[in-house]
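Keeping the supplied structure of chain A fixed, place chain B upon it in accordance with the hints.
Which chain is which? The protein sequence lines are A and B, in order.
Just so we're aligned, residue 8 is where the first sequence starts under the numbering used here, counting upward by one.
Just so we're aligned, residue -15 is where the second sequence starts under the numbering used here, counting upward by one.
Accuracy of the hints is not assured; some may be wrong.
[Stated by the list, open to error] Straight line, CA to CA, 30 angstroms or less: simulated DSS-like cross-link-like pairs of lysine-lysine:
#	chain 1	residue 1	chain 2	residue 2
1	A	K49	B	K62
2	A	K75	B	K62
3	A	K8	B	K26
4	A	K116	B	K41
5	B	K62	B	K41
6	B	K26	A	K75
7	A	K8	B	K41
8	A	K8	B	K62
9	B	K41	A	K49
10	A	K113	A	K8
11	B	K41	A	K75
12	A	K49	B	K26
13	B	K26	A	K113
14	A	K116	A	K75
[To be verified] Covered by chain A, according to a simulated footprint, are these stretches of chain B (three or more residues, beta-carbon under 8 angstroms):
#	segment
15	14 to 26
16	32 to 45
17	83 to 89
Hints listed in this document are in silico derivations from the structure and should not be mistaken for laboratory results.
Where is the CB? At the ideal position from N, CA and C, for every residue including glycine.
Below are the chains, spelled out letter by letter.
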Amino acid sequence: KQEVTQIPAALSVPEGENLVLNCSFTDSAIYNLQWFRQDPGKGLTSLLLIQSSQREQTSGRLNASLDKSSGRSTLYIAASQPGDSATYLCAVSVSQGGSEKLVFGKGTKLTVNP
Amino acid sequence: EPEVTQTPSHQVTQMGQEVILRCVPISNHLYFYWYRQILGQKVEFLVSFYNNEISEKSEIFDDQFSVERPDGSNFTLKIRSTKLEDSAMYFCASQFAGQRYFGPGTRLTVT
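Pulled out of the complex, with its shape left as it was, chain A reads as follows (with noise of 0.2 angstroms):
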């Protein structure tokens, strides 16, 4: 059964600062991994996407790594502002009898203070 680890799960960092979240996974067999941010009481916003035959992505700040050998992911943010304060969560599309699903982690709540 697929798990996924996020650390950490909390995160307090000064602004300007570049930061680094991690996301581990059980099982390498997935089809791609995907970051999103949720805000309190919201939705989940998509930040990034990579496709299992990728390496990363980039938008903006933000770059996504994956080694799906190692089952290992970091999402990293360069010069954070306190916009960026949210959950992030990481979550990967595994293959259930046909179907996909995505197998979400608890999620690491940065705070950037001004």
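Relative to chain A, chain B alone:
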């Protein structure tokens, strides 16, 4: 930019009552999903839907749950007889090119 919409944003119901949560997926998407998130816990898969039928469901999705796409645009989740433990945020999602697009969620509170 197209987005997934969900109504209502918050639903309060009494234990044992039926609720219907509504979603309008992005129009050219073919795969639809329901997920839920109990407060403080992980987002969990409930069910996937393709070509007007359930393609996969989790062990959470028991006989009390059902899904329907009644008119080609709406996608609904029905809980027949709600329990206290059904209180959660319910997210609808649709998929295109491997990427999931999530709605803002419906917060269901069962009292």
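Tested hints:
Restraint check: the Cα-Cα separation between K49 of chain A and K62 of chain B comes to about 21 angstroms, which is no more than 30 angstroms; the hinted pair holds. For the given pair, K75 of chain A sits about 37 angstroms from K62 of chain B by alpha-carbon distance, which is inconsistent with the 30 angstroms threshold. Distance check on the hinted pair: K8 of chain A and K26 of chain B sit about 15 angstroms apart at the alpha-carbon level, within 30 angstroms; holds. Note on K116 of chain A and K41 of chain B: the hinted pairing holds, with a Cα-Cα distance of about 29 angstroms set against a maximum of 30 angstroms.
For the given pair, K62 of chain B sits about 14 angstroms from K41 of chain B by alpha-carbon distance, which is consistent with the 30 angstroms threshold. A threshold of 30 angstroms between alpha carbons decides the hint, and for K26 of chain B with K75 of chain A the separation of about 22 angstroms falls inside it, so the pair holds. Our distance criterion of 30 angstroms between C-alpha atoms is met by K8 of chain A and K41 of chain B, whose separation comes to about 15 angstroms. The hinted pair formed by K8 of chain A and K62 of chain B meets the criterion: a straight-line CA distance of about 28 angstroms does not exceed 30 angstroms.
Distance restraint check for K41 of chain B and K49 of chain A: the Cα-Cα separation of roughly 24 angstroms lies within the 30 angstroms cut-off, and the hinted pair is therefore satisfied. Taking the CA atoms of K113 of chain A and K8 of chain A, the gap is about 16 angstroms. The hint holds against a cut of 30 angstroms. Distance restraint check for K41 of chain B and K75 of chain A: the Cα-Cα separation of roughly 26 angstroms lies within the 30 angstroms cut-off, and the hinted pair is therefore satisfied. Of the supplied pair hints, the one linking K49 of chain A and K26 of chain B holds, its CA atoms being roughly 14 angstroms apart against a limit of 30 angstroms.
The suggested pairing of K26 of chain B with K113 of chain A holds, with an alpha-carbon distance near 5 angstroms, which does not exceed 30 angstroms. Among the hinted pairs, K116 of chain A with K75 of chain A is consistent with the structure: their alpha-carbon atoms are about 24 angstroms apart, no more than 30 angstroms. Coverage of the segment 14 to 26 of chain B by chain A holds. Counting CB-CB distances below 8 angstroms, 5 residues qualify, and the rule asks for three or more. With 5 residues having a beta carbon nearer than 8 angstroms to a beta carbon of chain A, the segment 32 to 45 of chain B meets the requirement of three or more and the stated coverage holds.
Here's how the segment 83 to 89 of chain B fares: 7 of its residues keep a CB closer than 8 angstroms to some CB of chain A, so the rule of at least three is met and the hint holds.
Checked against the numbered hints listed earlier, the structure breaks hint 2 alone; every other hint is satisfied.
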